[in-house]
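**Student:** Construct all of the structure, not just a fragment, from the sequences and the given hints.
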Amino acid sequence: MSSNTDFILAIEDLTVSFDGFKAVDGLTLYINKGELRVIIGPNGAGKTTVLDLISGKTRATEGSIRFNNIELTKMKEHQIVRAGIGRKFQTPSIYGNLTVFENLELSYPYDRNVFGSLRFKRSQAVVEKIFEVAEEIFLEELLEKQAEFLSHGQKQWLEIGMLLVQDPELIMLDEPVAGMTAKERDATALLLKKIAKRRSVVIIEHDMGFVGKIADKVTVLHLGKIIKEGTMEAVQNDPTVKKVYLGH
Amino acid sequence: MNSLKDYTDPSFSKLLYQRLFANKEALVGFLILTALLLLVLPLFLSPFRLGLAGRYLCYAFVAVGLVMCWGKAGILSLGQGMFFGAGGYCMAMFLKLEASDPESTAIQTTPGIPDFMDWNQVTELPWFWMPFKSFPLTVLLILVVPLVLAFVMSFFYFKGRVTGVVFAILTQSMVACLWYFIVGNQGYFGGINGITDLKTLNGWDIREDSSQRILYFICSLLLLACILLSRYILSSRLGRVLVAQRDMENRVRFSGYNITSFKVFVFCFAAVISSIGGALFTLQVGFMSPNLIGVVPSIDMVIFTAVGGRESLLGAVYGALAVSYAKTIFSEAYPNLWMFFYGGVFIAIVLFLPKGLAGLYQDNIKVWVKNWMRKPETDPESLKIKESEVNNVE
Chain Z
1 MSSNTDFILA IEDLTVSFDG FKAVDGLTLY INKGELRVII GPNGAGKTTV
51 LDLISGKTRA TEGSIRFNNI ELTKMKEHQI VRAGIGRKFQ TPSIYGNLTV
101 FENLELSYPY DRNVFGSLRF KRSQAVVEKI FEVAEEIFLE ELLEKQAEFL
151 SHGQKQWLEI GMLLVQDPEL IMLDEPVAGM TAKERDATAL LLKKIAKRRS
201 VVIIEHDMGF VGKIADKVTV LHLGKIIKEG TMEAVQNDPT VKKVYLGH
Chain U
1 MNSLKDYTDP SFSKLLYQRL FANKEALVGF LILTALLLLV LPLFLSPFRL
51 GLAGRYLCYA FVAVGLVMCW GKAGILSLGQ GMFFGAGGYC MAMFLKLEAS
101 DPESTAIQTT PGIPDFMDWN QVTELPWFWM PFKSFPLTVL LILVVPLVLA
151 FVMSFFYFKG RVTGVVFAIL TQSMVACLWY FIVGNQGYFG GINGITDLKT
201 LNGWDIREDS SQRILYFICS LLLLACILLS RYILSSRLGR VLVAQRDMEN
251 RVRFSGYNIT SFKVFVFCFA AVISSIGGAL FTLQVGFMSP NLIGVVPSID
301 MVIFTAVGGR ESLLGAVYGA LAVSYAKTIF SEAYPNLWMF FYGGVFIAIV
351 LFLPKGLAGL YQDNIKVWVK NWMRKPETDP ESLKIKESEV NNVE
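Protein sequences, first through last, are from chains Z and U.
Residue 218 in the numbering used here sits at position 218 of the first sequence; the count goes up by one each step and never skips.
Residue 325 in the numbering used here sits at position 325 of the second sequence; the count goes up by one each step and never skips.
These aren't lab readings, by the way, just hints derived from the structure by calculation.
Every residue gets a Cβ at the ideal spot worked out from N, C-alpha and C, and that includes glycine.
Pairwise CB distance ranges, derived in the manner of DEER restraints:
(1) Glu-25/U with Gln-90/Z: 37 to 43 Å
(2) Gly-212/Z with Leu-15/U: 47 to 53 Å
(3) Tyr-232/U with Lys-76/Z: 25 to 31 Å
(4) Thr-240/Z with Lys-159/U: 43 to 49 Å
(5) Leu-15/U with Lys-76/Z: 30 to 36 Å
So the derived list for chain U, only partly shown, Cβ under 10 Å to chain Z, looks like this:
(6) Leu-15
(7) Ser-236
(8) Arg-253
(9) Val-264
(10) Phe-265
Here chain U is said to cover these stretches of chain Z; the calculated rule only asks that three of the stretch's residues, wherever they fall, bring their Cβ under 8 Å from a Cβ of chain U:
(11) 66 to 80
(12) 85 to 97
(13) 108 to 114
**Tutor:** Written out as C-alpha cells, the structure reads:
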C-alpha cells in the first residue's frame with residue numbers, strides 16, 4: 001500500500017489490458033491541487049482510457065488511483081462522482097428533450113438516490129446555483145431552451161456547466177473545444193482558466209493552439225506510456241515528442 | 001429576464017397540482033378519461049358489456065405500468081403477466097378458501113380445503129395458503145408478493161447491467177417458468193384449470209350484476225389513482241432521471257446517480273400496479289388460470305401499451321380498452337380469422353404509428369385542430385411572408 005500524498009490525484013503503476021493489449025501501461029501521474037493539466041498524444045495513445053479508468057468506466061488491471069488518498073479502483077462510477085470527480089465526455093452528452101435549466105438541475109448534487117429524488121424540491125439555493133453556473137457558461141438567456149436545439153458549442157458548454165453544478169474538486173474534460181468556432185474556443189479558454197482557479201482540472205485536447213493558451217503543465221502520452229511531462233514550450237521542443245507526432 | 005421566483009417550487013398544494021396537471025391539456029385529458037370511465041361507459045353499456053370493459057381496465061393497470069418502465073425508463077418487459085398473475089392468484093386463493101368452507105365441501109374426502117386439492121390427494125391446507133384466510137393479509141400480499149418478485153428478479157440483472165433485448169427475453173422466460181410451475185403443481189395451485197368457482201368476498205356475492213357494477217367503479221377509481229401516482233413520479237426529479245437514463249445512460253451515471261436502484265424502483269412500481277390489476281381481474285371474472293398470465297397474455301399487454309402509445313399514461317388506458325374491445329369484436333364476428341386481423345392491426349401500428357394512439361393525437365389531430373381553428377382569421381403571418389417574398393424579387 002502506498003503512502004498518503006498531498007496530491008489531489010495520484011495514479012501509480014496503472015495498467016489496463018484488453019485481451020493482452022495494454023492500452024495503458026504502467027502509468028504514473030500526479031496532479032496537484034488547483035492544477036490545470038492537459039494530456040496530449042496521438043490517436044490511440046490511451047488518453048480517453050485514462051479518463052475511463054479514473055472515472056470507473058473501465059476497471060484497471062493493475063495499479064492504483066487515489067483521489068485525496070481514497071482508492072478509486074474498486075469504487076462504482078456514481079461513488080467516484082460523489083467523492084468529487086466530474087467528467088465530460090468527448091461527444092456532448094446532454095439530455096436533448098430537457099431544457100437547459102432542467103439539464104443543470106439534474107446534476108445538482110443532492111438527493112441523488114431514489115426516494116431523495118422523489119422528494120427533491122427546487123429550493124432557492126438550487127435555483128441560485130443554476131443561475132450562477134448558467135451565467136458562467138454563457139447560457140443565462142437560454143435557460144428555457146430545449147437542449148437539443150443548442151449549437152454544438154453551446155452543448156459543450158452546457159455539459160461543462162452540468163459538471164460545475166456538481167461542484168467537483170476535480171474536473172476531467174475530454175476534448176472540450178472539439179467542433180467549436182474560433183470565438184467559442186477563446187471564450188472556453190477563459191472559462192476553463194476561471195474554473196481552474198477553484199478546482200483541479202484535467203483536460204484531453206488535440207488542438208495545440210488551445211493547449212498553449214490554457215495549460216500549466218502538459219503530459220504527453222504515447223502507446224499507454226508517458227513520454228514527456230513539462231511546460232508547453234518544453235514539450236514542443238522535445239525530440240521524442242516531435243518524432244511521435246510527426247512519424248518516424 | 002429570468003427571475004428566481006419563476007423557478008423555485010411553490011407551496012405544497014400548488015406544487016402538487018402543478019405536478020399532476022402540468023398544463024391545461026393534461027388536466028382536460030385526465031377529466032375526459034374520468035368522465036368516460038365513470039359516466040359514459042356505465043350509462044351507455046349493457047351490464048354484460050360494462051363487465052367486459054371492467055376486465056379490459058384491469059389490463060390497463062399493466063399497460064400503465066409498462067408506460068412507466070418501458071416507455072419512460074426504456075426497460076421492456078415481456079413478463080408482466082407474472083405480476084398480473086401474482087395479484088390475481090393472491091386474490092383467487094383468498095376467494096377460494098372462502099368458497100371452500102366445510103359445509104359446502106362436505107362431500108370431499110377432506111372437507112374445508114379447495115376442491116382441486118382434494119382431487120389431487122392433498123389432505124391438508126399447505127402452509128403458504130394460510131395467510132389467505134385473512135382479507136387484510138391478502139391485500140398486503142397482493143402488494144408485497146409482486147414487489148419481492150420484481151425486486152429479486154431485477155436487482156441482480158440491473159446490477160449486472162443486463163438490459164434491452166436480453167432483459168426482455170429473461171422476463172419472458174420467467175413468465176414461462178411461472179406458467180409451468182403452476183401447471184405442474186396441480187394440487188397446490190389448481191394446475192391448468194386454474195382456481196375456479198369463486199363466489200363471495202367476505203360474504204358479498206361478486207357474481208351479481210350489482211356487485212359487478214360496483215367492482216367496475218372500484219377498478220376505474222383505482223386506475224385513475226394509479227395514473228395520478230405515476231404522473232406524480234414522472235414529474236418529480238425521479239421521473240426526469242428515469243427518462244434521462246433511457247436516453248443518455250452514461251451521463252446520468254457520471255452525474256452521480258446509481259442507475260441500478262432507479263431501474264429496480266420503476267420495475268417494482270410497474271409490478272405492483274400490474275398486481276393490483278390482476279387482483280381486480282380475478283374479482284370480476286371469478287376465476288384465475290395460468291393461461292391468463294402466460295407468455296401470450298404478457299405479449300398482449302405490451303401490444304396494448306404500444307397501440308396506446310408507450311410514453312402516454314392516458315394512451316395506455318385507451319390502448320388496453322381499444323385493443324381488447326377489438327379483440328372481442330373480431331373474435332365474435334370472425335372466429336377463424338380474428339387472429340389475422342389482430343396481427344394486421346399490430347403491424348399497422350408499428351409501421352404507421354410508432355407512437356401509438358397518443359402519437360396520432362399529438363402529431364396529427366392536435367395540429368389539424370389548431371390549423372382549423374386558426375383559419376377563420378385571415379392568417380396575417382402568411383400574408384407577411386408573401387409580402388417579403390415580393391420584396392425580395394424586386
